[in-house]
Structure formats: structure tokens, C-alpha cells
Amino acid sequence: MSWILPPSASTFAGDIDFLYYLILVITGIAFVVVEAGILLFVIKYRARPGRKAEYIEGSTKAEIIWTAVPAVTVVIIGLMSAGVWNNVKGRNSTPRNAIPHQVNVRQFEWDFVYRGADGQLGTADDFTVRNQLHIPVNQPVALQLNAEDVIHSFFVPAFRVKQDAVPGMAISTWFEATEVGEYEIACAELCGLGHYRMRAMVTVHSAADYQQWLADRTAAADEE
Amino acid sequence: MRRLGVTSCLLALIACGGGDGGSGSGGGGGAAAAAAPLGNGSITGMVMFAGSPPANPAIDMAEEAVCAEKFTNGPTDPIVSVTGGHLANVFVRVTGGLPAGPYPEPAAAATIDQDGCLYTPRVVGVMVGQDLVISNSDPVLHNIKAVPTENRGFNISQPREGMTSTRSFNTPEIMVPLECNVHGWMNAYVGVVEHPYFAVTGADGTFSIGGLPAGTYQVEAWHETLGTRSGEATVAADGSATLNFTFGG
Amino acid sequence: MATSAVSLEPAAHTEAHELSFLRKYIFSTDHKIIGVQFMLMSWVFLVFGGLMAMMIRWQLGFPDRALPGGQLLPETMAPGGILLPEFYNSLVTMHGTIMVFFAIMPLLVGVFGNFLIPLKIGAPDMAFPRLNMASFWIAVPAGILMMAGFFVEGGHASAGWTQYAPLSSDPQWTGVSTGQQIWLLSIAILGLASILGATNYITTVVNMRAPGMTWFRMPLSIWALFITAILVLLAIPILSGAAIMLFFDQTIGTHFFDWTDGGQPILWQHLFWYFGHPEVYILILPAMGVVSDIIANGSRKPVFGYHSMVFAIIAIAFLGWIVWGHHMFQSGMNPTLGMTFMISTLLIAVPSAIKTFNWMGTMWRGNIRFHVPMLHAVGFVAMFVIGGLSGVFMATTPVDIYIHDTYFIVAHIHYVLFGGSLFAIFAAVTYWYPKMFGRMMNPALGKIHFWLTFIFYNLTFFPMHNLGVYGHMRRIYDPSQYEFLAPLAPLNKFITINALLLLVVQLPFVWNFIMSWFKGEQATDNPWEANGLEWTVPSPPPHGNFAEVPTVYRGPYEYSSPLVEEDYLLQTRKLSSDFDPAAAGAQEG
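Protein chains in written order, with our numbering: chain U, 1 to 224; chain X, 1001 to 1249; chain W, 2001 to 2589.
Next comes chain U alone, as it looks inside the complex (with noise of 0.2 Å):
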């Protein structure tokens, strides 16, 4: 039982995680003032023979204390927030630098869209390799979501990057990867009999090794 995260390798990882570790200490400190605070009481002012309880109705000033304290501290937190979910999510955030993939998913597969040879999606020459996502290191990476029949949820634990897919709408999301390697993709949302197995994989390359693996991939579907 660990409240640590797993290791991630995106660039805006950190942003996220570092809001967890924050409210994990805030609720942390609220979870033990509460039940530490409970515990006393029930020990403290628990029945004894000939006592009577102190005739108290409330408190203003306690009040307000306890009203504007976790007012100020949520405010802060969302302020603190709304800069990392711009960054992540807002209409604009998508970095101009970054590889266009259209991802189609349907029950129970994710056929990621390459951009072929002439850079440009949408065109002849563009070739799809099912459940796996190739990407290189340190350059940001935008998905067209194209969901084809029901909901499904793009989401790499270790990128801290979720979205849905949702038919009929045009949904983009983007992350860059810090770490070379291979990592898990899942199905976050609910999609039929097959969710749990909607897994595909993203490999994470060197710059080197992402063009030779583009090379070889082009060579291949030039064959076909």
C-alpha cells in the first residue's frame, strides 16, 4: 500500500504530480486534525457517571474559522490547478512542433495512423499499425482521437495522460515523452466485453533509432 505514484516519463508529469503530492499533504494534514480531533473527543468526553455535558449551542468565531479555512485552501488549490490543466488540456495547448498521429478506435482496438513518408496525415501514402504507438523522446506528440462505434478513454499510466474518445467528435490530445522505453496504453472507459483487453503499447525511442524505425516501416508498406 503505497500512496506514491508510479515513475512517469512526460513532460508534464511532474506539474500533475506534484498537485497530487500537494493535496495528499493538505488532506493529509485535514485527515489527521479530523480523526485525531475525533479520537480525543471520544475518549476525553466520553459518559461518566454524574457529569453533565457543557450546555453549548456553537461558536461564530469557529464558524468563520472553519468556513474561510478550507475556502482559502481550495481556492488556492484550483488557482494552483488551472495553469497545469491549461497546459495539458486547453484549446490551444498543443505545441506547433508536434507529430500528428490519427488514432481510430473501436471495440476492442486502437489502430494508430502514421504520417508516411510526404509528413502529411490524411494522404496516400499513411500506414496504420495496429496497438502500437512509435514515438520519439522528447518531442511532443498529438493524437487525433476518431472513435468508430462507443466511448473509449486514451490513457498512459505513466504519461498521466487520459482522454476519451468520443464518437462524432473531433478530440486532440498531446503529451511528449521524457523517458525511452515502452509503456502500457488502456482503455479508461467503459466499452463493452472487451474493455479489459483494449491494452496497445507505446515505444518510446532515441531519435536515431525512431528514424530508423520510421525507415523500415515506410520500406515495408512501400512493398505492399
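Do not rely on the hints blindly, as some may be mistaken.
As the list claims (entries may be wrong) - Here are the simulated DSBU-like pairs of lysine-lysine, each with C-alpha atoms no more than 30 Å apart in a straight line:
#: 1; chain 1: W; residue 1: 2447; chain 2: W; residue 2: 2493
#: 2; chain 1: U; residue 1: 61; chain 2: U; residue 2: 44
#: 3; chain 1: U; residue 1: 52; chain 2: W; residue 2: 2493
#: 4; chain 1: W; residue 1: 2024; chain 2: W; residue 2: 2493
#: 5; chain 1: W; residue 1: 2574; chain 2: U; residue 2: 52
#: 6; chain 1: W; residue 1: 2519; chain 2: W; residue 2: 2447
#: 7; chain 1: W; residue 1: 2447; chain 2: U; residue 2: 44
FYI, nobody ran anything at the bench for these hints, they're computed from the structure.
On a predicted model such as this, the values are computed, not experimentally measured, just so you know.
Start from chain U and add chains X and W according to the hints.
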């Protein structure tokens, strides 16, 4: 519950609205379970493919290793399966000339297996009401989704190796597609016929329809991408007629 | 009196021997009987929902083993005892549905709304007793219909209790058509029952309070039930409407949620959560209300900050209408809206904190009696805090990106609905049991039940936070499919074992509930030495409740008042210093 019944009927009507007819004639199938064969005649033949067959697409099974390793040369999708000019996976059935039913039901259930993330056989025929046993020989999840237009569809899963499910169809339909959504390339076709006079060509392109009484029959051959071919054969009592079809070219 | 056929006096009904068994116990119009009927119905569904949870847990803890006894299930659900994914999805859907709509909601609103409102405001019955009866007898067939869905071809609804379209709207995506339609019809029918009940509660509270029962002399339980009834009246029609739209999409070919023909899948989410978030407060506000009553009674002190408690209830109910979007942060909704919903959601922490600290303030310098209801009430506060605090994580949009649709959410909702609502229900049932049945529950068994439940509850649900922190998705049939979830397998097993034990330790409660009904110690009128009007009448109260219309002189929480020697002071007890409205009226006349 009554209201629900009405609703289901409503649904069925909507679902049936797309097709034309065919819904009235399916009733006779179930009662004929133990009927004796109507005759001993047969139609046999061969289905050929003329010319050079189209290449079958390769399947990317990289993310399904347990299936990929069942193939030595890399899996392809056997859409047009031609060996030495012989075309497999053609569904051949009698479409006319039969006496009125009831017809004898095939003794055994029809089977279809999922092996190496492909359906084997890819094409299978069943009589109305006959059991279709679907089995899984892969240690991975397959779902089997039937998307008929005349029958009630289903969508079931087999998460483990060795599982079987039995289903049947109650209305004739050429063909009921089966698909697996975990592996989008997996397709199979079930021909549902109101009588037992159908066959599927094997790898050698041959088929044989037995148990026929003497008569002249219209026969149709169906292939999933190449369309249909029709023919006619006259069977003498206890005799055997030959009927060949050619696709392509 | 015996010969008068028609009487407007409620007291005339107290000797209504002439009612047949059927009219008295089955088709009763007595709010107390209807309350008990709702309770028995809800217990049955609570058991169903619990058993479904066990099957879900088994699959998650032991994904490679057949469910013990699963061989008894049909081949379409669990061939050879191995649960099928489609049946698992039905279980997930129905566990949520049953628990929310047929267990927790009727237990809080149906049982305690019915039983407490007339008794606590000094009314002989509900404003519309027949409507009340209709409400129960509409809920029962809705429940039976809901369970029947398991036995139709294609299985039961499996798109989750949230029924997201298009998974729910087109049968081909799940293979479920009849089951899905049954779900929608049942919910629409149950909605009618809820609306009838809510209308009744609101009318009764507004019009039938006894003389002297001013708004700010009402117990917090009644305030909470009153506000809840308003939420029900406004929220349930939205769900019913949405369910009917989905039903039409399924049956007569409308396209409300069909993206291929001009519809919008996300419209369903907006409609569902516009109902769904107020629903969350429907499930927690009455719990907060009864807990406030019980903590004051157990602490022998007035509720700390009564007025701010009332305003906090109203604030939560109001804020509940403008936060639904926080369920949809990752849905593709405009991200700017995400910002708005984040702030409104975070603000709910404020009234929640007020309530929590006021409960603590109530215990502070009290003289706490740990009767079984008080144990559960304190347990409620301790657990609700965890549910509230974990909500801050999800309300924060960037953190929600990661934990959305993971077990963190599952932990959160169970800390609110089990640790919160269900502990409050145990508190309320044990507290008002003597008034309902005229007998006391066994306190020793009650304490055993509380402690074992408290322990295994936490061992079951607390680790779910940790699953979520590691990214464990919810609603997945077999976590062993993912490499990154492999280290969590032991924790999943641990949770499953504790969940099974959590079910087992409910047996003392079941035994206690049933046996005390027949063999429990006779209850006095006021066994907890409480102040409310219900404690001035016999246990159980007669038909019509009050022999004469009670007069109320003070608020409900005058515990340890310096005015009297005892540490409680009934709302109806007239002290020499009290103003007597009846006498004042007589003098003026």
C-alpha cells in the same frame, strides 16, 4: 412484462424492415428433427478459380504473440483461398427444386473454431435450428459477434482456451457474418438454410451435397468477395450428379 | 367515538381494529408501515447488491479461478463457474444500479423520510397517505422488473450504471437489447415512485408541522429530508426523461444519442450527471441529517452551530446543481468548462467542512454515551471525512486526468456511500428500531457488528485508493492482462478476502434485526432520552401517531440544558418560562 413483449416485437419489426420477406417460411424447421432422409442422391462438384488470384492481405499480429507464433510464414487473411486453381470456402446450397419439407436435420452440430486468431472453418453452413458450436483454441479473449439482418444477433465472449458456446439461428439467411472485435481481422460467415442440402468447399475445391431425392435442382455457390454463381443439376434416384463452378477470370 | 364513521380527528383512528391484515400491513396508508415496508424491500436489494459485489471482487482477486458455487450459474453467465466478461459487466452495472436506486436511496429517503417526517414534526400521517402507498407499490414492481433483466436473452444491461451512450443505446455494442430496455423502464417506473414520495414529503413538511414547530425548531434530519425531497423532485424527472430518450433510441429509432444521425453521445452524460450529482447528495444529505440527531443525542449536547448546519445543507444542495461537469473532465467537454466546474466542485468542500467540524464541535465537552447508534454515527463522521478529502483529488482537474476512471474513484464513492450513507443507515436503524418495532436491538451484538464492520470496511476500501494511485482502471474484468498492474495482484486478493469477511460480519446485524423483532427487550417510549416528538408517543406509535396535536416549545437539541435537571428536554415539555401559544390565543379571544 407484456409491455416488454410488445417492445421486443416492435424492435424485431424494425430490424426486419430492412429485408424483404423470408420471415414467414422459417416455421417448419424445428418439428422435423427426426425425419428420415428423403433420398440417396447427391450433387458433387468442384469450384475453380480462373486466372491468378488476388493476394491476401498480411495480418499484423505483432501485439498478439500467442496467435502469431502459430504461423510459420506470417499470418495472412485467407479471403480468397486458392490452391492449384481450386477455390475453398465457397458455400454451395440448393435453392430450388426441392420437395416440400420437413427435411431431416443433420445429426451433428456444426462447429467453428478460433485458432491462431482466425476462424476455422471460415465459412460454415447450418440448417435452421441446428446447433452451431463455437470453440476457442487460443489462450486469449475472443468475442463472437453475429451481425445478421434476418436473425437475432448476439455478442458473446470466450476469455479462455477451451471454452465453447452453442448458438442457433431460426431464420434462413445468406450469410450471417461473425466477427471478433478484439482482433478486427477475424471474419467468418455462417450460411443459414431451411434445409440440410448445403456444403462448403474444402482446400481442394470440392463439395458434396447428399441425401437428395431424384429431381432437378437449382444450386447456388457463394463466395464472400467473388459473388455468386448458379447452376442446375439433375439427380437420378440414388444417383450422383456433377456440377462445377468457376469464379474469377 | 366508537360509532362515528367519519372523523377528521387523527386520534379517532387509533383504534382502527376494523382494518384487515391486507389493509393494515400490505396496502397500508400508515407512513410508519410504509417506512418499514421500504426497509424490508431495501434490505433484500442490499443483499442482492452485496452478493454481486462479492462476485466482482472474486473475479478481481482471483481472475484465474472459477467462482465458488459459480457452477450453479447458467452457461450464459459463468460456464464452469468462470465469469464471462459480459456477465462481469452486467454485475458491475447492476451492483451500482441496485445499491444506488434500490438500496441506499430507499433506505434513506423511503424509510426514514416516511417514518420520521410525520412523527418528528407532530403530524398524524403524510399529507397524501394514498400517494405514499402508491409510491411504495410502484417501487416494488420496478425492483422486480430490474432483477428480471438477468434472466432475459442477451443478459442484463452491461453499459455501467451510468449507461453511457452509444454503448447503451445500440444493442450491437454489448449484445444486450431486452436487458437494457428493462433497465430503462425500471428506472423510469422507480422515478415515478420517487417523485410521488418527494411531493408528499415537501407538502407534509410545509403544511403539517405542529403548532410551535417553526422552521428553525425542526431537527436536522427533517431539514435534510426536506431539502433532499426538493432535490428528488427536481433531479429524478431529468433521469426519467433521459431514460425515456434512450429507450426511444433503442426501440422506435430516435437519434438523441446516435452520432451517426445528428445525435450527441455526450448529451447523455450531461443529462445523466445533471441528475447524477444531485443524486449523490440525495444519498448523503439524509445521512448527514440523521447523524446530526444521533450525535447530539449521544453527546448529550446541542448540535454545534445548528443554523450553519441548516445553511450548509442548503448550500450543498444548491452547489450540487452546478458541479455535474466534474464527472466529465476527460470527456472531451470544452476545457474552459473544466475550470468552472473545478472551482464550483472544490467549493463543496466548504459546507462539508462546516458540517464535519460542527459534528466534532457537538462532541467537544460532551458527555458521550456510546450506544450502538452513536458508534455508527461517529463512524460515519470518521469515514465521510475520508470520502470528502479524496474528493479534492478528483475535483482538481490536472490530478483527475490521472485518477479519473481508476479505483481511486471507486474508493471515493464507497467512502461516501458505504462509509457515509450505510454507516448512517446502521446508526438510524438501530436508533429508531425501538420506535419502529417496540423492542430494543441487542446492544452487545450491535457493538460486535459495528466494530467488525468498521474494521473490514476499511480493510476493503482503503487499499482501493492505493490501487487507483497506481493507475488501476475501474470496471476491468481481468487486471492481470496489464503488466503495470501485476504488482497489484496481491493487494487485489487482500481486498477480496476482506470484502468477503465484510459480508460475513453483517450476519450479526441480520440476526439481531430479525430476532429483536420477536424477542427483543420491550422498548420504553424514550429509550435514548432524546428530545424529539417521536419519543413522546408509545413505541411503536399508534395509527395517527399523536393522541392529541402536540405543541412544540423549543428546538430539538436542548440536551444538558441548564433549565432542567435531566440532561434532555423534550420539545413538547412546557416549562413555566415558555410562551404558550394556545393559552395566549385563549386570552386574546
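State the violated hints by number, sorted upward, taking the hints as numbered earlier in the document.
-> The structure conflicts with hints 3, 4, although it agrees with all the remaining ones.
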